[in-house]
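Colleague: Chains A and W are the protein sequences, given in the same order. To convert, take the position in the first sequence, counting from 1, and add 3; that gives this note's numbering. To convert, take the position in the second sequence, counting from 1, and add 164; that gives this note's numbering.
No lab work stands behind these hints: they were computed from the structure. C-beta: ideal position from N, C-alpha, C; glycine also. Heads up, a few of these hints could be off.
[Claimed, not checked] Okay, the calculated bits of chain W under chain A, using three or more residues with CB under 8 angstroms as the criterion:
| # | stretch |
| --- | --- |
| 1 | 243–250 |
| 2 | 296–309 |
| 3 | 477–488 |
[Stated by the list, open to error] The calculated SDA-like cross-link candidates involving lysine to any residue, where the alpha carbons are at most 20 angstroms apart (straight line), are:
| # | chain 1 | residue 1 | chain 2 | residue 2 |
| --- | --- | --- | --- | --- |
| 4 | A | Lys328 | W | Gly178 |
| 5 | A | Lys122 | A | Asp282 |
| 6 | A | Lys435 | A | Arg472 |
| 7 | A | Lys328 | W | Thr170 |
| 8 | A | Lys435 | A | Asn258 |
| 9 | A | Lys435 | A | Ala94 |
| 10 | A | Lys328 | W | Ala177 |
| 11 | A | Lys435 | W | Ala177 |
| 12 | A | Lys19 | W | Pro258 |
| 13 | A | Lys435 | W | Gly178 |
| 14 | A | Lys435 | A | Lys19 |
| 15 | A | Lys435 | W | Gly505 |
| 16 | A | Lys435 | A | Ile412 |
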Amino acid sequence: MALHRFHGGLHLDPRKEPASAALFEPAFIPSHLVLPLHQHIGASAEPVVATGQHVLKGEMVARAADYLCVPVHAPTSGVVRAIEDRPVPHASGLAAPAIVIEPDGQDQWLDRAPVYDFKGMDSSELRNRVRAAGVVGLGGAAFPSFIKLNPGPKRRVDILVLNGAECEPYISCDDVLMRHRPAEIVAGARVIMHALGAQRCCIGIEDNKPGAIEAMRAAIDDHPPMEVAPVPTLYPAGGEKQIIYTLTGREVPSNGLPADIGVVCHNVATAAAVHRAIDRGEPLISRIVTVTGGGIARPANLELLIGTPIREVIDHCGGYRAGVKRLLMGGPMMGFEIHDDASPVIKATNCLLAATQADLGPDYAAVPCIRCGRCAEVCPARLLPQQLYWHARAGSLDAAQEYGIFDCIECGCCAYACPSHIPLVQYYRHAKHDIWARERERRRADLARRRSEFRTDRLDREERERQARHAARKAQLRDKETAATDDNTAPTQAGSGDDAARG
Amino acid sequence: MPTLTTSSPFLSAGPGVPGIMRQVLAALVPGAAVLVWQFGAGVLVNLALCTVAALAAEAATLRARGRPLTPFLTDGSALVSAALLGLALPPLAPWWLPVLGTVFAIVVAKQLYGGIGYNPFNPAMAGYAMLLIAFPLEMSRWPAPVGIAGQSFGLLEALRFSLTGGLPPGLDIDAVSMATALDLARTELARGRTLQEFMGAAAVFGPIGGRGTELVNGAFLAGGLWMLLRRTITWQVPAAMLAGLALPAALIWATDPQHHLGPLFHLFSGATMLGAFFIATDPVTAATTPLGRLIYGAGCGVITYAIRTWGGYPDGIAFAVLLMNMAVPTIDHFTRPRIFGRSGRRSP
């Protein structure tokens, strides 16, 4: 098929070995599991278990409290030991509420309810089951997947794109999944296509993964039409907008969604998770993680239970080697640093990278921008990162928005290419948050203003009503007086008493 | 060593600004070598004076501004400005000419605007233009190329002339200096003579451009092409500048071949190749968008042609570059590329 080349991008050293060729290991049960309540984009889940309660494997331990939320499930059978703040993987390094489970070693499943014929099922029912299984995007962004199974009443989706590109250096978990379990991915793709009403499916895989390409090609068939499309190895070919453009030539609109142009994109691992959720009735309780870097004794890809403490994962891989400079969750281009390895593996964890100085290269201090324009040459969103930098730094948030700061996918190509070693992505993240904070302030101020106006109006209205009642009362009394004077009787005590009370 | 950045990406491409400056200096070597061969060791004296003056001026200004010397003094940008100015100045210049020009370039045109990255004008060209306007006589004193003079200054003689103005016995200044090809062509054409009349007669005209200068331009072209291959510079500015110079030259020459210099002559005389590949490509002062760079380069070329043909100076590169530097913010504003996912340049 005809491929399109997105603008910019970088040829990075892939560094997939030795993890990608190592023996793929199945999940082990750790000493304890830490399940954060907030593992995806959206709202936190709410616990539905209590300390001391025994749970089965796959049992829901926290429910979806909001629309943009999915439940959390116990990855193995055991006892809930605590529901408290624990170190969690987040760039801030702050702790967050989590459910701690001590496994009982039985690994006993609850009763699962597989769907034997998903084709006979309504789309909304399928979506609810995917949601109830706690499936989120496993490519790293962790967006609740059920929402991306719903194009909405106004949109028609004709292509499902499966993202097997895996463009970031070091990460090879999708490669391993495609080589070992291609049938699960394809089965999941069929379910997703049915839910979306999509006509065909295109699976994009970077051409540095010949094993995965071959395995996926062998697993697909023509009903419904599916195609494996090798894409050129170029970072960030695995970005959602980039892979859609490469495979279809369509550009996702700036303030829109892929569904607006008839495409939905899911990661290959997400498709496999959807298959397990529907065809096996199994919630999302484990995922494949690449554990790699110069700081790991035995790099490998492992299947891990969600909630496994990172320290135990590293120990399982032979422990740390000397000279670990940074422990990253994710890859070196878009990952973030983990400061406490008591943090657990979560649904979004695609890679644990114990990077040495040799992995990362020398540390550089930032110097002034020399306006060379290399950032703009490599930006896949065709932005002017240099201008965004100047405006973000100057606090000109409106100018930053005009230059497209919210079109930035934070891939890091600009900062990688910058000869002055300016931490560009950090500036953009900061500016985006400033803009959001400003928006929130505006909305809050707006609401306060409207409430204040409403209150002023209400007080005025009450005052007017009081005056009207007062006037009416006075008129009533005058009439009475006139009548009383005519009749030669004194005004009653009650009348003047009422008057005084109302006054 | 403390970790300096806390945000992704955690990888970086390479040595950065000093690396780029090193590549530029390396690319200048062939042209500088040919320049020394053709026009004498005065070039080396100028380069030395410019380099020392640049580093001293930058160090002094950084200290006065309260800024650290590293990384600003060691990033190589002062060396590049010094090299460009040193190569552009006439080899028969007295010592205070390169020193004054360099100090002006570094202190006024660069550091007073905030240092590297903040200057709107090309520092080397600002220094050159200041010298050209203030000292027109000293700035036009080029020696005869080696093919004509038969002898060129050795290093010691050049040093002595630069510092004291004294020449070897038996020579005087008119014997060693000669009008450049562009200079001679301008005066002759202004007198109404045709190319055929004066070009064959004067030895300073070589087969393509000025004798000697054509070789220098060829060597700078080679250095420039090497930089393109190494991706030190992008192709838009040099290509547009050469086109902006050659196309008007070709059109106007075609209308009246005997009274105008042809495009090939323009491309291989004066400081054309040095200007196109090394001076106009200065990233800080050039346009930043791809289309903007084409416009900027073309503007530099066209203005250079205009000054050479109708203006008051034999070579117009310095003024052309400075004038286009002024236009850069506007050019950048109107040449923003279409953002992915947006239909127009501004509309979402």
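Colleague: Straight-line Cα separation of Lys19 (chain A) and Pro258 (chain W) no greater than 20 angstroms?
Modeller: Not OK: Lys19 (chain A) and Pro258 (chain W) at ~61 angstroms, beyond 20 angstroms, violated.
Colleague: Does the alpha-carbon distance linking Lys328 (chain A) and Ala177 (chain W) stay inside the 20 angstroms limit?
Modeller: Measuring from Cα to Cα gives roughly 18 angstroms; hence the hint holds.
Colleague: Does Lys435 (chain A) pair with Arg472 (chain A) here, judged by a C-alpha cut-off of 20 angstroms?
Modeller: The given pair, whose Cα atoms are some 55 angstroms apart, is violated under the 20 angstroms limit.
Colleague: Taking 20 angstroms as the top limit, are the C-alpha atoms of Lys435 (chain A) and Gly505 (chain W) close enough?
Modeller: This hinted pair holds, its Cα atoms lying about 19 angstroms apart.
Colleague: Mind checking the alpha carbons of Lys435 (chain A) and Asn258 (chain A) for me, to see if they're no more than 20 angstroms apart?
Modeller: Roughly 15 angstroms between the alpha carbons, so the hint for Lys435 (chain A) and Asn258 (chain A) holds.
Colleague: How does the stretch 477–488 of chain W fare against chain A when you require at least three residues with a CB closer than 8 angstroms, holds or violated?
Modeller: violated (count 0)
Colleague: Next pair to validate is Lys435 (chain A) with Lys19 (chain A); report whether the Cα-Cα distance is within 20 angstroms.
Modeller: violated, 32 angstroms
Colleague: Verify this for me: three or more residues of the stretch 296–309 of chain W with a beta carbon less than 8 angstroms from a beta carbon of chain A.
Modeller: violated (count 0)
Colleague: Given the hint that Lys435 (chain A) pairs with Ile412 (chain A), test it: the Cα-Cα distance must not exceed 20 angstroms.
Modeller: holds, 12 angstroms
Colleague: Within 20 angstroms, alpha carbon to alpha carbon, are Lys328 (chain A) and Gly178 (chain W)?
Modeller: Measuring from Cα to Cα gives roughly 19 angstroms; hence the hint holds.
Colleague: Within 20 angstroms, alpha carbon to alpha carbon, are Lys435 (chain A) and Ala94 (chain A)?
Modeller: holds, 16 angstroms
Colleague: Take a quick look at whether Lys328 (chain A) and Thr170 (chain W) sit within 20 angstroms of each other, Cα to Cα.
Modeller: holds, 12 angstroms
Hints 1, 2, 3, 6, 11, 12, 13 and 14 from the earlier list are contradicted by this structure; the remaining hints agree with it.
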